[in-house]
Amino acid sequence: MSAPPASQAPAAGAAPAPRPDREVLLRIQDLVKYYPIMGGVLRRHVGDVKAVDGVSLDLGKGEVLGLVGESGCGKTTLGRSVLYLQKPTSGKVVFDGRDMSNLSARELRRIRKRMQIIFQDPYGSLNPRMPVLDIIGEGLVAQGITDSKTRIKKVEDALETVGLRRDYTRRYPHEFSGGQRQRIGIARALVLEPDFIVCDEAVSALDVSIQSQILNLLLDLREAFGFTYLFIAHNLSVIEYISDRVGVMYLGKLVELADTTETFNNPRHPYTVALLSAIPDPDPRVHKKRLVLKGDVPSPAAPPSGCRFHTRCWLREQLGNPENCSTEDPPFRELSTGHRVACHYAEQVSSERVSSAAAKAPAVVSADVGDVAEIPFPSLQPPGAPPA
Amino acid sequence: MATSPKLASTGPAAAPAVDASGAIATADVEVALESLSQWQLAWRRFKRHKMALLGLGIFGVMVAIAILGPILVPYNPLDIPGSPIPGGTGPALNHPFGTDNNGRDVLTMVLNGARISVAIGFFSMSIAGLTGVIVGAVSGFAGGIVDNLLMRLVDVLFAIPFLFVILVAARFFGQGSVVALILIFGLLSWPLIARLVRASFLSLREADFVEAARAVGVSNVRITFRHILPNALGPVIVAMTLLMASNIVLEAFVSYLGFGISEDQTSWGNALSNAQTALIFGNWWWAFFPGMAIALTVLSINFIGDGLRDALDPRARA
Amino acid sequence: MSDAVLGPGVPPPPDVLLEVRDLRTYFHVMDGTVPAVDGVSFSIKRGETMGLVGESGCGKSVTSLTIMRLLDIPPAEIASGEIWFDGRDLLRLPESEMREVRGNDITMIFQEPMTSLNPVFTIGDQIGEAVQQHRHVSKKAGWDRAVEMLRLVGIPGPERRAKQYPHEMSGGMRQRVMIAMALACDPKLVVADEPTTALDVTIQAQILELIKALQQETGAALLLITHDLAVVAETVQQAAVMYAGKIVETGSVEDVILRPKHPYTEGLLRSIPSHVARGQRLNVIKGTVPNPFRMPVGCRFEPRCPYAFEPCHDHEPPLQAPSGDQSQGVACWLHVPEAQRPGRAVAPASPPAPSQPVVPVESVSRQ
Numbered sequence: 001m002s003a004p005p006a007s008q009a010p011a012a013g014a015a016p017a018p019r020p021d022r023e024v025l026l027r028i029q030d031l032v033k034y035y036p037i038m039g040g041v042l043r044r045h046v047g048d049v050k051a052v053d054g055v056s057l058d059l060g061k062g063e064v065l066g067l068v069g070e071s072g073c074g075k076t077t078l079g080r081s082v083l084y085l086q087k088p089t090s091g092k093v094v095f096d097g098r099d100m101s102n103l104s105a106r107e108l109r110r111i112r113k114r115m116q117i118i119f120q121d122p123y124g125s126l127n128p129r130m131p132v133l134d135i136i137g138e139g140l141v142a143q144g145i146t147d148s149k150t151r152i153k154k155v156e157d158a159l160e161t162v163g164l165r166r167d168y169t170r171r172y173p174h175e176f177s178g179g180q181r182q183r184i185g186i187a188r189a190l191v192l193e194p195d196f197i198v199c200d201e202a203v204s205a206l207d208v209s210i211q212s213q214i215l216n217l218l219l220d221l222r223e224a225f226g227f228t229y230l231f232i233a234h235n236l237s238v239i240e241y242i243s244d245r246v247g248v249m250y251l252g253k254l255v256e257l258a259d260t261t262e263t264f265n266n267p268r269h270p271y272t273v274a275l276l277s278a279i280p281d282p283d284p285r286v287h288k289k290r291l292v293l294k295g296d297v298p299s300p301a302a303p304p305s306g307c308r309f310h311t312r313c314w315l316r317e318q319l320g321n322p323e324n325c326s327t328e329d330p331p332f333r334e335l336s337t338g339h340r341v342a343c344h345y346a347e348q349v350s351s352e353r354v355s356s357a358a359a360k361a362p363a364v365v366s367a368d369v370g371d372v373a374e375i376p377f378p379s380l381q382p383p384g385a386p387p388a
Numbered sequence: 001m002a003t004s005p006k007l008a009s010t011g012p013a014a015a016p017a018v019d020a021s022g023a024i025a026t027a028d029v030e031v032a033l034e035s036l037s038q039w040q041l042a043w044r045r046f047k048r049h050k051m052a053l054l055g056l057g058i059f060g061v062m063v064a065i066a067i068l069g070p071i072l073v074p075y076n077p078l079d080i081p082g083s084p085i086p087g088g089t090g091p092a093l094n095h096p097f098g099t100d101n102n103g104r105d106v107l108t109m110v111l112n113g114a115r116i117s118v119a120i121g122f123f124s125m126s127i128a129g130l131t132g133v134i135v136g137a138v139s140g141f142a143g144g145i146v147d148n149l150l151m152r153l154v155d156v157l158f159a160i161p162f163l164f165v166i167l168v169a170a171r172f173f174g175q176g177s178v179v180a181l182i183l184i185f186g187l188l189s190w191p192l193i194a195r196l197v198r199a200s201f202l203s204l205r206e207a208d209f210v211e212a213a214r215a216v217g218v219s220n221v222r223i224t225f226r227h228i229l230p231n232a233l234g235p236v237i238v239a240m241t242l243l244m245a246s247n248i249v250l251e252a253f254v255s256y257l258g259f260g261i262s263e264d265q266t267s268w269g270n271a272l273s274n275a276q277t278a279l280i281f282g283n284w285w286w287a288f289f290p291g292m293a294i295a296l297t298v299l300s301i302n303f304i305g306d307g308l309r310d311a312l313d314p315r316a317r318a
Numbered sequence: 001m002s003d004a005v006l007g008p009g010v011p012p013p014p015d016v017l018l019e020v021r022d023l024r025t026y027f028h029v030m031d032g033t034v035p036a037v038d039g040v041s042f043s044i045k046r047g048e049t050m051g052l053v054g055e056s057g058c059g060k061s062v063t064s065l066t067i068m069r070l071l072d073i074p075p076a077e078i079a080s081g082e083i084w085f086d087g088r089d090l091l092r093l094p095e096s097e098m099r100e101v102r103g104n105d106i107t108m109i110f111q112e113p114m115t116s117l118n119p120v121f122t123i124g125d126q127i128g129e130a131v132q133q134h135r136h137v138s139k140k141a142g143w144d145r146a147v148e149m150l151r152l153v154g155i156p157g158p159e160r161r162a163k164q165y166p167h168e169m170s171g172g173m174r175q176r177v178m179i180a181m182a183l184a185c186d187p188k189l190v191v192a193d194e195p196t197t198a199l200d201v202t203i204q205a206q207i208l209e210l211i212k213a214l215q216q217e218t219g220a221a222l223l224l225i226t227h228d229l230a231v232v233a234e235t236v237q238q239a240a241v242m243y244a245g246k247i248v249e250t251g252s253v254e255d256v257i258l259r260p261k262h263p264y265t266e267g268l269l270r271s272i273p274s275h276v277a278r279g280q281r282l283n284v285i286k287g288t289v290p291n292p293f294r295m296p297v298g299c300r301f302e303p304r305c306p307y308a309f310e311p312c313h314d315h316e317p318p319l320q321a322p323s324g325d326q327s328q329g330v331a332c333w334l335h336v337p338e339a340q341r342p343g344r345a346v347a348p349a350s351p352p353a354p355s356q357p358v359v360p361v362e363s364v365s366r367q
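Chains as they are written, first to last, in this note's numbering: chain A, 1 to 388; chain B, 1 to 318; chain C, 1 to 367.
The hints are simulated quantities; they were obtained by calculation from the structure and are not laboratory data.
If you're wondering where the values come from, they're calculated on a predicted model, not measured in any experiment.
Errors might be hidden in some of the hints.
Distance ranges between label pairs, derived from CB positions [unchecked claim]:
hint: 1; chain 1: B; residue 1: Ala159; chain 2: A; residue 2: Gly39; range: 40 to 48 angstroms
hint: 2; chain 1: B; residue 1: Phe164; chain 2: C; residue 2: Arg160; range: 47 to 55 angstroms
hint: 3; chain 1: B; residue 1: Phe158; chain 2: A; residue 2: Thr327; range: 51 to 59 angstroms
hint: 4; chain 1: B; residue 1: Gly144; chain 2: A; residue 2: Gln29; range: 23 to 31 angstroms
hint: 5; chain 1: B; residue 1: Phe164; chain 2: C; residue 2: Pro75; range: 45 to 53 angstroms
hint: 6; chain 1: A; residue 1: Pro331; chain 2: C; residue 2: Val29; range: 34 to 42 angstroms
hint: 7; chain 1: A; residue 1: Arg165; chain 2: B; residue 2: Val221; range: 53 to 61 angstroms
hint: 8; chain 1: C; residue 1: Val120; chain 2: A; residue 2: Tyr35; range: 27 to 35 angstroms
hint: 9; chain 1: A; residue 1: Ser299; chain 2: C; residue 2: Ile78; range: 23 to 31 angstroms
hint: 10; chain 1: C; residue 1: Asn118; chain 2: B; residue 2: Val221; range: 42 to 50 angstroms
hint: 11; chain 1: C; residue 1: Glu310; chain 2: B; residue 2: Ser219; range: 54 to 62 angstroms
hint: 12; chain 1: B; residue 1: Trp284; chain 2: C; residue 2: Val120; range: 31 to 39 angstroms
hint: 13; chain 1: C; residue 1: Met114; chain 2: A; residue 2: Gln29; range: 20 to 28 angstroms
We put the CB at the ideal spot given by N, CA and C, even for glycine.
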């Protein structure tokens, strides 16, 4: 793997290819992952932590799908389940036409070559007792590339591709900074020349200036090698920067899925709206008013009935039939081309609604009372506008 | 603030960023002349503990004595000189540690006893360590029924009144033999190690770097030996060191009670047992020197254990 | 910069609550000495809010710990400096007097609410304890005050909550408890060290709003330490940017964010994804922070600075007001006219402002 050639890929500013034009690389159907809870004296199966509770998603070749949500939403579990690092409780994962559940253990190990993962913690993701050569090269050995000369060359090439020196092979992880370790983790992922990479909070533990280096590196690699990324993060600005499409998760389900600009400029799920309004704006002149949600995220072991978000939904009070929300789980339906939402009343989510919801509630910043601190949150930039 | 040339780069070395054209920007990386592995770093940390080094030194002497034993003794232990003197004679130039009531040299006893005590301590620790690591590793990695069964076995072994079993086993099976004692001690102290290893395995199994190895297709066996085990060994090594110390004391105790090493061999415990009566006469040397030897050995092992604990702490930086 | 006028040992004027002068905190470790804080000076007036911004290792947390004197003295060493608080130099106080200040006049909110709260005591006890200690009141009075504070921070059912233990509460709720504890004794200064970093973004929003509201209500001064420039933009009036143990830029939040003077500040701003328009590449500040054992002799940012010129390598620029505007400070030769002698190669007078995106070399997409 030599250093990436001068790319003829479109500049980063081009609009992402619309979904139907891309070949589907990964298809996730009704993926469910429960963790059983054992309780009582006899250790019976008393319940489940419903980490992922029915997610369906298609990933196109070469696209970056951002997956965002707060703690407990299941995005990390989804990432691991898709790679079959955790075996799903039910549902299908079809990678390049092959159903993962039908694979034998050996076939599974072989297909791993094509799907890799980059972890969040640069300190925990590298074995402290192994030199860099082995950390990166181990995968090659496991995939049958045992000739040591070839292996060393591939490892050194991978190091160079991520911007590290070739002679770092002899060093140990503790000699590197967080950003460098993350690069080693990326080198480990790409040395096998995969098609698909799950970036599990890959930049969340890094300083801002290092984060930008790594984000640009990931984009460069995508342009050079055509990787498909499932980019999991909780930082919305990072997601906005790097993703072609965005999926928002809440309590184990997808609540919204759309192109990035559409998601950020025209969010249709009340949770997405609240999430976007919560991002602090670096422009000090903007006094962003925000939607402050009631209380805390319910436990994934006991999700609310009907729509999972109904206990915290600020829109619910505005509607004619809030009963619906607490009894019926909204389907994940297509609202407009390429824009799917799981809300009975998605059509009514607009900036006027937000304003009127805001006007009704007192402006007290309380933990429990569902307060909407004020009015129109769109300090969101329309596409193409320079930063304020 | 000068750093020694041997230093591995401990601070964040500058990473050459990949610039616009894909070429690597100029690296101002520190030139480290040597790259230290974790074990080497652990040794460096160990060396900082003065007491641990002292302990290592003393224990090293004990081990040397144990190995060189017969060469060092000034007197033949089987040689019983003529007239028995009740209580023996005190320390003198020809008998630096004095003699017992049969006129046998106490220094000889101590040197010979070293051999037995250290051997028992070391080999029983090794057996316990090996068994414990295997059981703990299998249990921690396999999980499920296997784990359950093995841990129940461990629970049962823990529940057995250790001392009584030792005494009984030593008397009936041991016949005062060193090998038998080693086996008995080893087989009864492995559960401690097994639990530790299992605990380490359980936590390491979830570590990101293990997950990463699975993600590239590394087999379970290789993950166990290459990834988990080396990182699990830290607390285990410390525990094993301390186990050695406690087994040495245990042997002394058991022998003192008469259930251990038989009379014809000298162990420190033996000597203490016999020396009891001499104390009445005020002849302190017979009990004192073997006792000191035990204390010194155990203390030095404990210091080593302290040093190891800090040295092998995975959270410590270089 | 008031300290330029006053000599050492002279307290600042009464409207200045906290004044840090030339603070140096070093750590002596096995491999050498780390100059974590190396000549830091700033001041906060009564009721003012300031953000101390920087990435990991820049020394911002150590600065706050030094102010609170919460450092273990070996291996740390407060090599020099003065910390004037309310007319007294904290560094010259005996520990017994410092204890009266700590938790009472200056309080701290930490990053990790779970580890900062004692799991075996109820919330009410923990908050009450501080009150009892500092105000010398009865246990009941302390408890009542605790309940009152819980109500103030927006926790519903405070009487019930006060009897709960930390593990019974969520992360956001625990952080509110930390804030309650910090305000219980009516402090003059609250130091918040990354108070929202460990929280989800919707909870972060709640907590920041709360901090702002309470600061205005109580009139306490606030020193907010964070790596997140957006948090600073939202919450405080003044900002100081730290790099490698030194302050490189100060000023009002608007000046620092909208018109950054120091190349590091500018580079940092352009590295934030929310700050670039969609389609543009993020700026990359090449290289990494200097090795603390081998700090550059001149400007510490010089090895990474796209605007570095002749004096930068060998001479450390002092923190001073650019072009006479006393409300700001920048430590950069670009803003010292005398440093730019005629006849030399042209150096930019000031880095371009972000509103006219001049795209630095590093962020150009591959051609």
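Hints and how they fare:
no. : hint                                       : verdict
1   : Ala159/B with Gly39/A: 40 to 48 angstroms  : violated (26 angstroms)
2   : Phe164/B with Arg160/C: 47 to 55 angstroms : holds (54 angstroms)
3   : Phe158/B with Thr327/A: 51 to 59 angstroms : holds (54 angstroms)
4   : Gly144/B with Gln29/A: 23 to 31 angstroms  : holds (29 angstroms)
5   : Phe164/B with Pro75/C: 45 to 53 angstroms  : holds (50 angstroms)
6   : Pro331/A with Val29/C: 34 to 42 angstroms  : violated (59 angstroms)
7   : Arg165/A with Val221/B: 53 to 61 angstroms : violated (33 angstroms)
8   : Val120/C with Tyr35/A: 27 to 35 angstroms  : holds (29 angstroms)
9   : Ser299/A with Ile78/C: 23 to 31 angstroms  : violated (46 angstroms)
10  : Asn118/C with Val221/B: 42 to 50 angstroms : holds (45 angstroms)
11  : Glu310/C with Ser219/B: 54 to 62 angstroms : holds (59 angstroms)
12  : Trp284/B with Val120/C: 31 to 39 angstroms : violated (50 angstroms)
13  : Met114/C with Gln29/A: 20 to 28 angstroms  : violated (38 angstroms)
Consistency note: the structure conflicts with the earlier hints numbered 1, 6, 7, 9, 12 and 13.
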